[in-house]
Structure formats: C-alpha cells, structure tokens
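Q: Sequence:
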Amino acid sequence: MKEEQTICYSCANENCFIKKHLHLAEMESFISKKQNVVCKKSDQFITEGAPMQGLYFICKGKVKTVKTGIHGREQIVRLTKNGDIIGFRGFGTGKKYLIGAYALEDTVLCNFSNETMLEILQHVHEFTYDLMLFYADELNKSENNIRKIAHMNVRERVVDLLLYIHRKFGQVDGLIDIDLSRKEIADFAGTTEEQAIRVLSNLKKEALIKSVGKRIGILNVSELRSEIMEHKYF
DNA sequence: GCATTAATTGGTC
DNA sequence: GACCAATTAATGC
Numbered sequence: 000m001k002e003e004q005t006i007c008y009s010c011a012n013e014n015c016f017i018k019k020h021l022h023l024a025e026m027e028s029f030i031s032k033k034q035n036v037v038c039k040k041s042d043q044f045i046t047e048g049a050p051m052q053g054l055y056f057i058c059k060g061k062v063k064t065v066k067t068g069i070h071g072r073e074q075i076v077r078l079t080k081n082g083d084i085i086g087f088r089g090f091g092t093g094k095k096y097l098i099g100a101y102a103l104e105d106t107v108l109c110n111f112s113n114e115t116m117l118e119i120l121q122h123v124h125e126f127t128y129d130l131m132l133f134y135a136d137e138l139n140k141s142e143n144n145i146r147k148i149a150h151m152n153v154r155e156r157v158v159d160l161l162l163y164i165h166r167k168f169g170q171v172d173g174l175i176d177i178d179l180s181r182k183e184i185a186d187f188a189g190t191t192e193e194q195a196i197r198v199l200s201n202l203k204k205e206a207l208i209k210s211v212g213k214r215i216g217i218l219n220v221s222e223l224r225s226e227i228m229e230h231k232y233f
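Residue numbering for the first sequence follows numbering that gives the first Met the number 0, starting at 0 and increasing by one per position.
Read the hints as simulated data drawn from the structure, not as lab findings. Fair warning: this is a prediction, and the values are worked out from it, not measured in the lab. There may be inaccurate statements among the hints.
[To be verified] EDC-like, lysine to aspartate or glutamate: derived pairs with alpha carbons at most 20 Å apart: (1) K167 to E142; (2) K66 to D172; (3) K167 to E104; (4) K19 to D129; (5) K18 to E73; (6) K213 to E47; (7) K231 to E118; (8) K213 to D178; (9) K94 to D129; (10) K209 to E229; (11) K18 to E47; (12) K147 to E226; (13) K203 to D178; (14) K40 to E104; (15) K204 to E155; (16) K59 to E73.
[Unchecked claim] Just the calculated beta-carbon pair ranges, DEER-fashion: (17) Y8 to E229: 44 to 50 Å; (18) K213 to K94: 36 to 42 Å; (19) A11 to R224: 40 to 46 Å; (20) T191 to Y8: 17 to 23 Å; (21) H230 to H122: 26 to 32 Å; (22) D129 to T92: 19 to 25 Å; (23) Q170 to I145: 37 to 43 Å; (24) R166 to G68: 24 to 30 Å.
Using N, Cα and C, we set each Cβ at its ideal position, and we do this for glycine too.
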C-alpha cells in the first residue's frame, strides 16, 4: 500500500492542514517523516479499536469513518474528502482508533506517526493552536449530529444528508459528486437500507431529486432546505 | 454470458 | 420503522 513520498511543497491540495502551515520553517523537518498510503475503493485502512498509528490526512479521494454497533450495524460518523483529517479522536490518549475508516474511491493518504505528531504539537505552536480550533469545531458538529438524530425523522435525516453531501462534495452534471450505496446512505441517516430507498423514491416522485444509477442529483435545493429549516440546518 | 451483488418494492409484525 | 421475501437492475469475472 506504500508508495514514494508526495512532496508537500508542490502538493495541489490547498485544503490540507499541513499545507496551510508550510510557511513555518519548523514544519520542514516533520513533513519528510510522513508516509504515503494508497488505497483502492472500499479498502479499509483504519480498524476500529486497533492501536493508533498516527493521523491520516487525505491528499486525494474520499473516505467514510464508521462506528460499529450491535448486530454489525454501522453508523457512518463522517464523510471526508481531500484536506480532511482522520483518526484524530483517538489521538491524545493515544492508544486506540475509535473509528474504522474505508476509502470510498481510490484515495491517497498522508500518514504522520504518533511520535511525529507529538513533536509537531510541542514545537509548532501555530499548528497546535489551529488544531485546537479544529477540535472545537468538530466537537460542535458532533453535538449538532446528536441533535439531528434525536429530533429528525427518517425523511428529514435523509434530506439533511443529501443537502450535506451536496454542499460538501458539489454537483457535477447535476449529480452529487460522491458514490454512496443506498446502504451507506442509510448508515449515515441512522436507518435501514429499505427506509432510505423509500424516502429517495418519494423525493424522486416529488421531483425534488433525480437519480442516475446510484448517483443522486438535487433538483430543488431551496425546497429541501425549507423542509428541515425548523431544525436549524445552518 | 453467467454469477454475484445492489437496488427496489411489497408485505408483515 | 425494522425485518423478511421476491423481483429486477447492475456489475464483476
């Protein structure tokens, strides 16, 4: 799964947390220690409960992170793309990954070991400060998700997911630019595949969305948004 | 082209 | 709203 290093300085990924701090001279010695990992679609590169082996930064591609519940049912916790960080929740206490991670398409990852991360945190204060803000932001998002799952019905949760991936991944040729199976849509919305499919068919009948194969396109963003307005989408 | 997997729909509890 | 079954569509080999 390993390949030669991508060079951070010439990396095209402007969203990257590392890239944003490259102007700091102290970063130079650390970025040479990263390991690149290349995953094919549906490869699992983090196992829930496995010992931490550093943080992953997505260089290119898309990844889902999941928590497994009883009866093997999975809850998708996050959907991530290039520039996002994976594995950070288990960081600090440092022992185990708290989530599993799968590539949703062919993906290139940059892996920084626990030791390297700790060194960066101790020596590059601007980086540490920004990461702190990042954690605060993520905590807020998690709490919003708790509220959503608690207060929204199935239809609202599916609509919320559609608007979310629409905003995060954008649409190409009128279709949202991410491949999710119906099962994965259900795993994110906290319901079953059949329920998710029913909601999608209804939305299609109402001409709010369209679908080509597994890809979904949103036809009426404002109408969908108004459906979940009362849940304070923004 | 055949076989396995995913998507869809209808029905029951 | 979950679970099961049957049918159909899609995809891998």
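Q: State for each hint whether it applies.
A: Hint by hint, here is what the structure shows:
1. Distance restraint check for K167 and E142: the Cα-Cα separation of roughly 19 Å lies within the 20 Å cut-off, and the hinted pair is therefore satisfied.
2. Distance restraint check for K66 and D172: the Cα-Cα separation of roughly 32 Å exceeds the 20 Å cut-off, and the hinted pair is therefore not satisfied.
3. A hinted pair counts as satisfied when its Cα atoms are at most 20 Å apart, and K167 with E104 qualifies at roughly 16 Å.
4. At roughly 10 Å between alpha-carbon atoms, K19 and D129 fall within 20 Å of each other, so this suggested pair holds.
5. Only pairs whose Cα atoms come within 20 Å are accepted, and K18 paired with E73 is rejected, the gap being roughly 32 Å.
6. Between K213 and E47, the direct Cα distance comes to roughly 27 Å. Violation of the 20 Å bound is thereby established for this hinted pair.
7. For the proposed pair K231 and E118, the alpha carbon gap of about 40 Å is over 20 Å, so the pair is violated.
8. With a C-alpha separation of about 7 Å, the suggested pairing of K213 with D178 holds against the 20 Å cut-off.
9. Only pairs whose Cα atoms come within 20 Å are accepted, and K94 paired with D129 is rejected, the gap being roughly 23 Å.
10. Simply put, K209 and E229 have alpha-carbon atoms about 25 Å apart, too far for the 20 Å limit, and the pair is violated.
11. Straight-line distance between C-alpha atoms of K18 and E47 comes to about 28 Å, which puts the hinted pair past the 20 Å bound.
12. Restraint check for K147 and E226: the C-alpha separation of about 13 Å stays at or below 20 Å, so the hint holds.
13. For a cut-off of 20 Å, the pair hint linking K203 to D178 stands: about 18 Å separates their Cα positions.
14. Restraint check: the Cα-Cα separation between K40 and E104 comes to about 4 Å, which is no more than 20 Å; the hinted pair holds.
15. A hinted pair counts as satisfied when its Cα atoms are at most 20 Å apart, and K204 with E155 qualifies at roughly 16 Å.
16. Taking the CA atoms of K59 and E73, the gap is near 24 Å; set against the 20 Å cutoff, the hint is violated.
17. The hinted range of 44 to 50 Å is satisfied by Y8 and E229, whose Cβ atoms lie roughly 47 Å apart.
18. Checking the proposed 36 to 42 Å range against K213 and K94 shows it holds: the Cβ atoms sit about 37 Å from each other.
19. The hinted window of 40 to 46 Å between A11 and R224 is violated, with their beta carbons roughly 32 Å apart.
20. Between T191 and Y8 the beta carbon distance is about 47 Å. The supplied range of 17 to 23 Å is therefore violated.
21. At roughly 43 Å, the beta carbons of H230 and H122 sit outside the given window of 26 to 32 Å.
22. At roughly 21 Å, the beta-carbon separation of D129 and T92 lies within the given 19 to 25 Å, and the hint holds.
23. In this structure the hint that Q170 and I145 lie 37 to 43 Å apart at CB is violated, the actual value being about 28 Å.
24. Between R166 and G68 the C-beta distance comes to about 27 Å, which sits within the given range of 24 to 30 Å.
Hint compliance for this structure: hints 2, 5, 6, 7, 9, 10, 11, 16, 19, 20, 21, 23 are broken, all remaining hints hold.
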